[in-house]
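A.B. asks: Chain by chain, the residues:
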Amino acid sequence: MSTMDSTDTPAVDDTTMPVLEVGNLRVGFRRRRAENTFWALDDVSLTVLQGRTMGLIGESGSGKSTLANAVLGLVPVQSGTVQLDGKDITILTGAPRRSLGRTLQAVFQDPNSSLNPSWTIGRSLAEPMRAQGVRSKTEIRTRTAQMLEDVGLSPDAADRLPGQFSGGQRQRISIARALMTSPRLVICDESVSALDLSVQAQILNLLSDLQDEHGVSYLFISHDMSVVRHVCHDVTVLYRGQVMEVGPTRLVTAHPAHPYTHELLLSAPVADPTIQRARQQQRQIVHEAKLAQAATSAEADVGHDSCPFVSRCPVARDICSRQRPALRPLPDGRSVACHRYPEWRSELPDTTLPGPSPTEAHSPDVTPPDPGTEPHPGAVGLRVDPAR
Amino acid sequence: MTENSVLSEPIATLVVSETSDTPHVTTARPHWARSLLRQPRGFTAVTYLALLVLAGLLASSIAPFPPDQQSLAEVLQGPSSSHLLGTDTLGRDVLSRLLYGIMPSLQNSLIALVVFLVLGIPVGIIAGYRGGRFDAIVGRVTELMLAVPPIILVLVVLGVFSSSPPAAMVTLAVLAAPGLVRVVRGATLAVREELFVTAAKVAGVRPARIMATHVLRRVLGPILAQATVFAGVTLAVQAALAFLGLLSSDAPTWGGMIGEASTVITETSWLLIPPGVILAVTVLALGLLGDTIRDLTSGEAANSARPGRRSRRAAAARAGTQAESREALAQDTRSSRAPADEGSLGAGSDALLEVRHLAVTTAGSQPITLVDDATFVIHPGEVVGVVGESGCGKSVTALAVLGLLPEGLSASAGQVIFHGTDLVAGGSAAYRPVRGSGMGYVAQDALGSLDPSHTIGSQLMEVIAVHEDTSKAQRRARAIELLEQVKIPDPERVLRMYPHEISGGMAQRVNIAIALAGRPQLLVADEPTTALDVTVQGEILRLLRDLQQSTQMAVLLITHDWGVIAGIADRAVVMYAGEVVERADVQTLFTHPRFPYTAALLAAEPSLAAESSRLPTLPGRVPPPGSWPTGCRFASRCAFARDQCTQGPIPLLAVSGQSDTRCIRIEELVSEGAMPR
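Respectively, the protein sequence lines represent chains D and S.
For the first sequence, my numbering assigns the number 1 to the initial residue and increments by one for each residue that follows.
For the second sequence, my numbering assigns the number 389 to the initial residue and increments by one for each residue that follows.
Keep in mind that the hints were calculated from the coordinates and are not lab data.
None of these values were measured; they are calculated from a predicted model.
Possibly wrong hints are sitting among the right ones.
Derived list of chain S stretches under chain D, where covered just means 3 residues or more per stretch with a C-beta under 8 Å from a C-beta of chain D [claimed, not checked]:
# : segment
1 : 576-586
2 : 595-608
3 : 947-953
4 : 973-979
5 : 988-996
6 : 1001-1012
Just so you know, even glycine gets a beta-carbon here, dropped at the ideal spot from N, CA and C.
Please put together the full structure from these sequences, using the hints given.
C.D. replies: Now the structure itself:
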């Protein structure tokens, strides 16, 4: 705890230590012995820094959850390494793997299934500590009460059953459980996807508050670009088990270097009719480019030697189906696996949001009540009106 | 006592032995055991079995005669005051022999039960949890053992072990255990996938402990159900073996008594009745107990996901008065609401669908209102979005419009006027011509909406046949045309495919094609893109937009996603706690929300919020149906609530000619600058 408290401000700091380092990880599945292996993760590398949040975004089947499971030791790894705090944990099993529960925890998507319905909240929260050998009942009780308060619940919640809580409250409890052992890294696998909008906002704020307080790092897995954009310092874009692009979230979302990121950004719905209308036109342009692409290029054979995105890419060229692009670093601090960057940028419409920049967000013409100081228990936040 | 209690109270004993080291379980357990006793079936079975055990324990003090006291003067007598159940061939008292027969029978059953559980539970749980090679071996062995005829093996064992009842029981239990292994393994497979088990693994809990706590607790229901049924079987088998004279026993046994009775059946049939009835009733009671436990435990899993029962009952109690006050409100405010109605209903004649003051309530003596006073209108060729959080009544409203409310819900007030016909008043007869050709429906679960055992083509052509009386070739052509309309490439091939062969996005296109088969004027789409990837969502929304423009079909879109509303809707209706709180055209709604809930929900949307800033949040939660407050239902969560907001029902009022809102303070709020001007 004491070492973590020293990192109160997880602000941008290039000297921060990596907590999790995944190197060239490959995870494959085979239904039958005779079948070809399907690579759910193919040569994936990723680093999560101390006190920072790394987003992992992609569509279903991109291998996001497989990566989480591989780090948590829930699926076997074919090759590559997983390092936690510099220690290789790739093939740990048995007692050494179980002792990782102290530093590595997870929060899952479905709050209904995350807690044993027949266990009291107190028993569920105690489980990670007991598993790590904590026997003192007073210690567990104190920590339970503290964590419940940290996630905004009353300590007497410990005596109740999960059925007595709403989905959002259960997700808070799951987060409290994950933080019981003061872990260094929490893997959030679609942790807010099943929640309503207002509850989602509460949980996202809670996660960032807990990060400020405890210096914990997150690997934040999501399919929702707007959520990732909001909570992640850095983001890794996965497609079919391969990293397409990685870098600081602000750069990646403002100026995507990979056509797939571009498509994700363009598809992500924005709560603004004007922007959405513009987006529709942009998508139409991309769509037409794709159709033209499909007409000119012969049936591309998507094998291991091609870019995985080639069949959907509006700006693909011959080389893209002949050679798999390597992840190469760019001068601005990110990396991209695309043969055609930066040329393609001029061929597709820009996705820059006409939304607010961080400085405009706190413009004086709006009145977002600060939840921390708002005296009224029913405080309602007001919309930040985007400057157009 | 300990031995007997397992039979009479298996639940309590097993639960205690499983979790005795954990203090918290006491809060979880009473709920379970108490509901067993609260059920008439469970209560009857438990009471009977408890009395039976008690009678067996006290046999020596309550039996009128020793079991073996012969009285050759009184053989084969019917029931009398001295021998309540008569006497047998040697003049022994039948009642006494029955009472003395209880304990040996139950002890033998107990032996069988212990062996059955000790073998079945661990093997089943480990096979299910570990999987892999152990599971494969267990699978083969259980198959083999289930193929062995148990009675023959029992007879062999009895031959070897000189008619020893425990030997017979152990053999029976060993042969029956594979059945339990299968049940436990199946239940474990389901529990293994639960996220709380994954969380325990991640936390570093030992596998043995996960199995002994999480898994055992969740599979206890099926185990207990199997155990009680098996206990009944052991009693019946004992009786059968004793009847055949294959069991040596010093004490009287029920089966032995039946066997003796059968030898004198030509003289008197009475002797068969007492042991036969007690045996049948006991087996029945055990079966009943098993059924009740199974029902309770399968219900427990479902219940746990929802709010506690107690709160719902309290909610139901409140709902009575609630409904009355809403009724009064509907009458009171009809006149005062008139401006709002005119404001956005427009000239009622050109509306395609008009929903007026629609209320949906549950059936029963204390109905709970789920939706009340839903009022909105859809013009031809218009996309209207209904937006709100879960529990606000969006989907129920959509189903009520379609006349597809599930069993137990009904539209209790208001009108759904489609093409000038009130469908609520007309009932199912009015809906028949409308469904399919008037209104189409697309649900959220794209793949679940298709029948997995039929091809896309046959499902599509079946729907076409309902609308058009044409030849098979014409139906096929129309099916291809529909698939082309929803932009599915290579429709000929897709026609021959089964739902599991297509992706979620493709399945949703097929569902839209099915909905379009009757050329509907209104498409009701309930969260049509929620389960899809964003890139696919974008394509489906564009498809809906294109279809709406090319066919002039109106769309009623239910969603929780502001982005979807912004992308496709012309107008939006915001629902909160079962009522419409705001209606406006989309541009106005996003730039000038006129209800605090709308504003707060928009602010919580991360797509427009500044990067890495705190999101404004909305405290509290949507009040569940049945516990809606009087006055503004949002007041308890609203920063701007004043006393006037909670004093009485608030009508939907038109403001500045563009929005209708249920906020009575809206003009003040706008002039104060609390809401955008």
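A.B. asks: Quick one: see if chain D covers the segment 595-608 of chain S, three-plus residues with Cβ-Cβ under 8 Å.
C.D. replies: With 4 residues in contact (Cβ-Cβ under 8 Å with chain D), the coverage given for the segment 595-608 of chain S holds.
A.B. asks: Take the segment 947-953 of chain S, compare each residue's beta carbon with every beta carbon of chain D, and decide whether three or more fall closer than 8 Å.
C.D. replies: holds (count 6)
A.B. asks: Has the segment 1001-1012 of chain S got at least three residues whose CB is nearer than 8 Å to a CB belonging to chain D?
C.D. replies: holds (count 9)
A.B. asks: Has the segment 973-979 of chain S got at least three residues whose CB is nearer than 8 Å to a CB belonging to chain D?
C.D. replies: Per the Cβ count (4), the hint holds.
A.B. asks: Within the segment 576-586 of chain S, is the number of residues with a Cβ closer than 8 Å to a Cβ of chain D three or more?
C.D. replies: holds (count 4)
A.B. asks: The segment 988-996 of chain S covered by chain D? Criterion: 3 or more residues, Cβ-Cβ distance below 8 Å.
C.D. replies: holds (count 9)
Every hint, counting from the list given before, is met by this structure.
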